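Fit chains Z, F and L with the ligands to the given chain A structure using the hints.
Order-wise, the sequence lines are chains A, Z, F and L.
For the first sequence, position 534 (counting from the first letter as 1) is numbered 534 according to our numbering, and the numbering increases by one without interruption.
For the second sequence, position 93 (counting from the first letter as 1) is numbered 93 according to our numbering, and the numbering increases by one without interruption.
For the third sequence, position 93 (counting from the first letter as 1) is numbered 93 according to our numbering, and the numbering increases by one without interruption.
For the fourth sequence, position 62 (counting from the first letter as 1) is numbered 62 according to our numbering, and the numbering increases by one without interruption.
The set of hints was computed from the structure by calculation and includes no laboratory data.
Some hints here could point you the wrong way.
[What the hints assert, rightly or not] Incomplete in silico selection of chain A near chain F, CB under 8 Å:
(1) GLY75
(2) PHE79
(3) LYS166
(4) ARG291
(5) SER325
(6) TYR355
(7) LEU369
(8) LEU372
(9) HIS395
(10) PRO472
Just so it is clear, the structure is predicted and the values come from calculations on it, not from any experiment.
Glycine included, every Cβ here is placed at the ideal spot set by N, Cα and C.
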Amino acid sequence: MSTTTTAPGALTPAVQPESDNYLKNSSGFLSWAMTLDHKRIGVMYLVAVLTAFFLGGMFALALRTELFFPADSTGKGLFLTPDLYNQMFSLHGAIMVFLFIIPSIPAALGNFIMPVMLGAKDVAFPRLNLWSFYLWCVGAVFFLAVLMQGGLDTGWTFYTPYSSTKSLTAVVPALMGAFILGFSSIFTGINFLVTLHKMRPPGMTFFRLPLFLWGLYATAVIQVLATPVLGITLLMLVVERSFGIGIFDPALGGDPVLFQHFFWFYSHPAVYIMILPGMAIISEVISTFSRKHIFGYRFIACSSIAIALFGFFVWGHHMFTSGQSPLASTIFSALTFSVAVPSAIKVFNWLTTMYKGNIVLGAPMIYALGFLFLFAIGGLTGLFLGTMGTDIHLHDTYFVVAHFHYVMVGGTLWAFLAGLYYWWPKMFGKMYAQRSAIVGSIVAFIGFNLTFFPQFFMGSQGMPRRYFTYVPEFQIYHQLSTIGAYTLLVGLLIVAYNLVQSLLKGEKAPANPWGAATLEWQCTSPPPYYNFKDSPEVGDPYDLDRVQWDPKTKGYVNRPDYVPSASH
Amino acid sequence: MSNAHEHNDISHVAPVKVLLGVFGALIFLTVLTVAAVFVDLGPLNIWIAMGIATVKALLVALFFMHLAYDRPFNGIVFMAALVFSGLFVSIALLDSREYKKNVDDFRAVTPLSIPAGK
Amino acid sequence: MSFHPLSALLAAQATQTPREGNIFFPAEASTVARGLDDIFYFILWVSIVSFVIVIAVAAMFVLRYRQREGHREEKTATHGLGLELTWTIIPTVLMAVMFFAGFKGFLGLRQAPQDAETVFVEGQMWNWNFRYANGAQSQELVVPVGRPIKLVMSSVDVLHSLYIPAFRVKQDVVPGRYTSLWFEAIQEGTFHLFCTEYCGTKHSTMITSVRVLPEAAYQAEIKELANFIDRLPPVEAGERVFNMKGCTQCHNITTESRLQSGGGPGLANVAKLIAEGGQQKFADGSSVAADEQYVRESILVPNAKIVSGYPAIMTAYQGRISEDELRVLIEYIKSLGN
Amino acid sequence: MSTTPHTAGVAAAPQHGAHVHGAHAHGDQAHGGHGDHGHHNPDVAHHFDTANQQFDAGKLGIWAFLVTEVLFFSGLFCAYSIWRNLNPEVFLYAHHYLDTTLGATNTVVLLFSSLTAAWAVRCAQLNQKKGLVLCLSLTLLCAFGFLGVKYVEYSHKLHDGIGWGTAYQPHNPKLFSELSPSGHYLNGRYVSEIAAERNLGIDGVPYAELDNAGKFQIAEQLRPEFLPEPVKVRTFFGIYYGMTGLHGVHVVGGILVFVWLLIRALKGQFHAGYFGPVDYAALYWHLVDLVWIYLFPMLYLIH
Ligand code: HEA
Ligand code: HEA
Ligand code: CUA
Ligand SMILES: [Cu+2]
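This is chain A alone, in the form it adopts within the complex:
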């Protein structure tokens, strides 16, 4: 536990009795299952999304294993039938998107960190927060039911009329599951939106919010504005499939392209639900681990909002070949680039933050650097897809698969892991072994690139996605990719081992191991049940002069002679 002399104005981590920490203040199954504490809900979410990630990962490995060889001359695959393969990628995509990546950063890490970082006692609606978690569970149960009832083979995009008339799998339960998960996500969004507006302690103006909170704010805006449209789309599809209403089914005079408008009106903004919180974590980590004030705070904050809002105008870039009119395609293509600009701004701001810093290569920073590398590739390849002429060739090939794994895995997953390693000591009060954390990260990095880099080439050469088998010239790329996937598995297993070890044997974490200036580091690790007895003093969240290294606690403590600098 850290101790220090108090300076007027600066806040000291209060010495709290052990029993006060949120993990120990009560015990028993019900104390978790019925908890309204955002921290416990965050931890439950964390366990839940990691389980989903593991399951989705297993499906991915099945895909990759099958693709090691093309089907033989009789059409038989290595160990899957075409139908099973189709179910694998559909469930892989649906689980990864709806159960893992969308709730990952906001609902797991965000839930835990956001109120503490803000200096609030809880989110605005704790009960709604718990509801959101249980809705996630119900959604997950629906997906499990889908697994029992013969899978899902529509792809995660549920395009009609295949999904409404032809598929023989459990489409309706899957749609219901995704519908419920949508509401789980909406509830998180509403909660965060209100918390950030109404629960800010005195002095915490909008432009003093840490960038992680800006990211969550922008995310919440998308969750509230876009997710309901997913809800109604899925509901209409349920009705279409069950009763044959005819809105999307051409056999009844409906329009399948309209369905795609409905789907992507949500699902494009949803990719920014996935990346914005990730970018926000990177802003925190890079500043802290470079020991530098973040560069261009306002530009970063505003670019998050810009991405969130512009992200609503570009959905049609998924539909350039769908039969959408050239007029609409042109509008969507032009606007697509307008969303890419704020992302570029962020990248350059992060770089400048590192300039003349004192860069600590801890595990979170290694992940942040990995993010920079992988997200740049993922984002830049998005430009090939946003360009109408080239997307015609690249659409629905492995080039797209590679693009979105680079942004979702290389981007969001890497940021998620950066955040997990960053806040782990705060969440569980334990330090982890830096060395094996970094080894895991590097193995995963190599495995990831080996998996998905070859896919760019086979994609631009014409390998279509969602293919159970393929023509021989693509074999070498597929084999590299499969080997990469197993390497990635090894890397992630090291990560999992490292984290479990830390729980079992880790050293006790100081209140502020990395020397960050945001408020969550002002309370003990793990935080007390009430977060803060008194609202903490709010200052510039990136003024790292506030703290200094204290060899006694092996952490940072508040500097006694600290005077807040006027500049920002």
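Structure of chains Z, F and L with the ligands alone, referenced to chain A:
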């Protein structure tokens, strides 16, 4: 009723006069919409009906829902909903109109027939 | 790989010599391919340069400013409008160029020349059917070299997408409407034609070829395709129709059922029944004498009578098959009993 | 940005003495309300500092929720706009099956319930318990009335085989050209309207004075205007049921909420210092009303 009674510390209290007045206006506008149907103005009819509906919606939002007295931010939030739904509907509509010809051409050759009981 | 940044912006058409295939692309076998590839290479170079800058700068900072004995961070400005505007405006300009190049390339892909010859395409789970102006039909696409071809496409069931990587063209095939694309092949040879919109079990084998032939050979080929029914013996002609209409997707010509992989009964069964004068049993418990009339109905309106044990997934061929084709097809099915 | 939410300080004086303690005393301190967890205003949850903050948070929360509701409905509005725009004949043809009188009745019922809901908030704000109970009960009554009318409408249609999707199987193939089996539609306003407009009649006897057989004959004459039935009529009913059904589900949801409010109101849990739930529920109810304000002309008054 004296003004002192009409006060609440937390939020604005809508005066009875306003409530009844708004209600009266809403009923009047409903009658007006129904009446407007009997006048054939071609394509204008729909716009008149929607226009009246919008006036009604505004009345409800401003007075019953207190937006006229509320924090402006709540109004902005609500406007966002309308703007984004408008965006969604209008672009989807624009696109379907653009490719309508491809559908019509096809249907001219292959008329739609919906089997009974399907 | 050779690269001409300016040519990308001009989105040139047929003027330049096409390139051979490389790690990025198959050979440029249509008039539009080269221009589109140039746009790709333009974006590629912008990406490579900005990626290298980003990563080099990051690496340099990590090396120079990493934490070590005696090194301290230095205070620098926390914001700078000039810098930030620079890296807002430069990417904006580059992306504007990408958009316009891509837009022009797209228009080139969408506006078919007036004199293009039309070929009708019908997508079906999981078969392609091409119909030419002279009435010929084929399962592979046959086109002449050096002449624009316009494909007018529709689907009878779900979404498909016609993709010819060597031509850099792709367009979804949508039920209930027409979509179209055009190309002009500039190289003889055989190229892949993929279905790239997920369409169920055999999406990955909904593959066929494009054969690009010299004009004369092309004319001869479609002539042969047009009147094979008159020329060939009925059973042989029927076999061709059988393959062309996608029946093989769901039916074996033995007695073996394809139920497991989402298909229908082996057609030798019904052939045997016809030969023996037997009855076919249906899902609703009824049965009917298996004869030509029954086979005919099974093809035209398959859902009228559903063979017991099978789902009603066969698509109706009413209006999609000519009397002649039907006649030889029935002959062929009857011949399967032997 | 607006002022920080914490400045407001003092909670409204509640009517019961029991509520007067705790937070208010600290109103003018810099960190108003902090550090007194021991004696908190029982109406304010632990993580809020003041009743005002709690109310504001709830209010923004409910507005954000209404945003999601609007976007949720927007999907159906989108489908409607596109179908109506591309297939106007279908809409013109099929909407005659809807009964404008019932639709208008329901509009008035809902508007009235909106008035009582708004009034309920006022009563709660002013500590008028009796008024509050009355207003909530009236709102509930209207909600049931609305559903009752909807039930009548739905059951008439279903009786004629006009369901949605696969259940769209009009019993009588010539349904639209004749009196419907329930005698409900074409003998109603629609035929009479046209007949009046065009002075239709038999042997100089105007339509209105004809017996049923005569009316039937006129309906027969009007047939060609309706025939052949546009193929996609059933999708109109799909949209009709979809929109009114989803709206109906929201009415049912509203009923549950208002029952809960009524119970709490009877227990005297609302007062000038704590009436958030009444306000939030009323906002929701007004939105349900707003949706109907559009649905009514869109579905019933097509020209
Ligand atoms: C985390 C999720 C995520 C993110 C952040 C993005 C970001 C982007 N995406 Fe991606 N995308 C997906 C997830 C994501 N995407 C998914 C899941 C799909 C497929 C769904 C499916 O079909 O199943 C998809 C598909 C997809 C398509 C459709 C392809 C097709 O099907 O044909 C397109 C087309 O425009 C596209 C474009 C873009 C663009 C322009 C960005 C931009 O926002 C990227 C901006 C970033 C940068 C530009 C890089 C960083 C900047 C620099 C390094 C500075 C230097 C830059 C310059 C000088 C230019 N994406
Ligand atoms: C977040 C989203 C996400 C993630 C993380 C992944 C991860 C992976 N994906 Fe996936 N993928 C999608 C989203 C995602 N994917 C989507 C949306 C599609 C489109 C589906 C469609 O077409 O409908 C798709 C499609 C897709 C395809 C294309 C299939 C086809 O078109 O035929 C392939 C093929 O290689 C693939 C592979 C992989 C691999 C190898 C991984 C690997 O990265 C997986 C690695 C994970 C593991 C191996 C699990 C190990 C985990 C642990 C050991 C626990 C770890 C614990 C801690 C870290 C604490 N994916
Ligand atoms: Cu046809 Cu995929
Ligand atoms: Cu997108």
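A quick look at each hint next to the structure:
1. Interface hint at GLY75/A: satisfied, since its Cβ lies 7 Å from the closest Cβ of chain F, which is below the 8 Å cut-off.
2. The criterion of a C-beta within 8 Å of any C-beta in chain F is not met by PHE79/A, whose closest approach is roughly 16 Å, and the hint is violated.
3. Interface hint at LYS166/A: satisfied, since its Cβ lies 6 Å from the closest Cβ of chain F, which is below the 8 Å cut-off.
4. The beta carbon of ARG291/A is positioned within 8 Å of a beta carbon in chain F (closest approach about 4 Å), and the interface hint is therefore held.
5. Evaluation of the SER325/A hint against chain F yields a violated restraint, the C-beta minimum of about 10 Å exceeding 8 Å.
6. Interface hint at TYR355/A: satisfied, since its Cβ lies 6 Å from the closest Cβ of chain F, which is below the 8 Å cut-off.
7. At its closest, the beta carbon of LEU369/A sits 6 Å from a beta carbon of chain F; the interface hint therefore holds under the 8 Å criterion.
8. Evaluation of the LEU372/A hint against chain F yields a held restraint, the C-beta minimum of about 6 Å falling below 8 Å.
9. Annotation: HIS395/A was flagged as interfacial toward chain F, and the flag holds, the nearest CB pair being 6 Å apart, inside 8 Å.
10. The beta carbon of PRO472/A comes no nearer than 11 Å to any beta carbon in chain F, farther than 8 Å, and the hint placing it at the interface is violated.
Violated hints for the displayed structure, listed by number in ascending order: 2, 5 and 10.
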